[in-house]
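Asks: As a plain string of letters, each chain reads:
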Amino acid sequence: MSTTQVSLANFNFVAPRSARKLYSTQMTTADTKALELVADFQLQVRPYERYVLNLCRKKIREFGKDITMADDLYQEVMLRAFKGFARFDGENIQGWLKMIVRNTSINLNQADDKHVTRQQVVEDLEGWQVAEGQSATTRHIQSAEAEAIANMGSPELNEALGKIKPERRKVFLMHEIDGLKYSEIAEITGIKAVTVGTMINKAKIELRGYLRDLAISEGVLQIEANPTRK
Amino acid sequence: MSDCGCDEAKKRVHDFLSQELDDNKSQDVIDHLANCDDCESEYYVEERVKTLVKLNLGDDVNQEVRQKLEARLIAVAAEIARIEQEVAGQISLTENS
Chain A
1 MSTTQVSLAN FNFVAPRSAR KLYSTQMTTA DTKALELVAD FQLQVRPYER
51 YVLNLCRKKI REFGKDITMA DDLYQEVMLR AFKGFARFDG ENIQGWLKMI
101 VRNTSINLNQ ADDKHVTRQQ VVEDLEGWQV AEGQSATTRH IQSAEAEAIA
151 NMGSPELNEA LGKIKPERRK VFLMHEIDGL KYSEIAEITG IKAVTVGTMI
201 NKAKIELRGY LRDLAISEGV LQIEANPTRK
Chain B
1 MSDCGCDEAK KRVHDFLSQE LDDNKSQDVI DHLANCDDCE SEYYVEERVK
51 TLVKLNLGDD VNQEVRQKLE ARLIAVAAEI ARIEQEVAGQ ISLTENS
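Chains A and B, in that order, give the protein sequences.
By my numbering, the letter at position 52 of the first sequence is numbered 52, and the numbering carries on one by one without gaps.
By my numbering, the letter at position 19 of the second sequence is numbered 19, and the numbering carries on one by one without gaps.
Quick caveat, the hints were computed from the structure, so don't treat them as lab data.
Hints should not be assumed to be uniformly reliable.
Below, computed lysine-lysine pairings styled on DSSO-like, alpha-carbon distance capped at 27 Å [claimed, not checked]:
1. B/K68 with A/K65
2. B/K11 with A/K202
3. A/K98 with B/K68
4. B/K50 with A/K163
5. B/K50 with A/K181
6. A/K165 with B/K11
7. A/K33 with B/K68
8. B/K68 with A/K192
9. A/K192 with B/K11
10. B/K10 with A/K58
Given only the sequences and the hints, what does the whole structure look like? Please build it.
Replies: Okay, structure coming up:
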């Protein structure tokens, strides 16, 4: 019996009991293959975990369900993504995951039908191919600024966010991260919904400005490469 | 900037992305973006900013959920691998017969 070539330890998580069990017994080729599939998937979706969780929370809130259910939805989404992953050949994993969140949350109310069918996985994949095909035609419009922002990560974001007025930042994040609508934020904070919208818009404009400044100071973006000042 | 509705579109792009516009107003924005490279380019920048925020902020997936999910993924993967092997076995049987 050959020993496994995959080590879950390389992937920065604690192997659950099921994996340890696989480890401790002799590995078959199928077991090795299974661990490889999971490890590869985890590696690819890792950068989008928060994004997916944020989306799940938003959906759960929209459905008026208990927020702890977001974790369950998250698991269903990832399982469903995993089932289609081997056949996913697009470039935009993020967009595909977003589509799966939407498709999975539709099934959420039909509690009896939780089991993901092959048909559903195919629908995710085909649906995404269509969506990606449609957006491909417009991709060339992406500006240098969009490109620069696409390459940024949390250090740049946090630096830029830190410069925004705290009260604006607060409603902006309630909207973007917690997925609350202007009207919901208005209810919670006691600020008028129109004002909430204005605050969020201002925060976003400021954020964008600071990100642009950062990109320029880092030499990623030329000052004249600004499509808004025509 | 021309008077082709750019002002209005640029003002609304954020609300559009935030799904805070009604269907009619959303359609107006979509129609305008389809015909105006400038505003479409703006739209992508806005989208990138939102994406940057959504990818990097918010709670991380908690460890318990992560572990539960991993166990389920491994179970599914094992099933997939087992079926693949069975199918491969059947094919080789057919070829040998």
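Asks: Need the list of violated hint numbers for this structure, in ascending order.
Replies: 8
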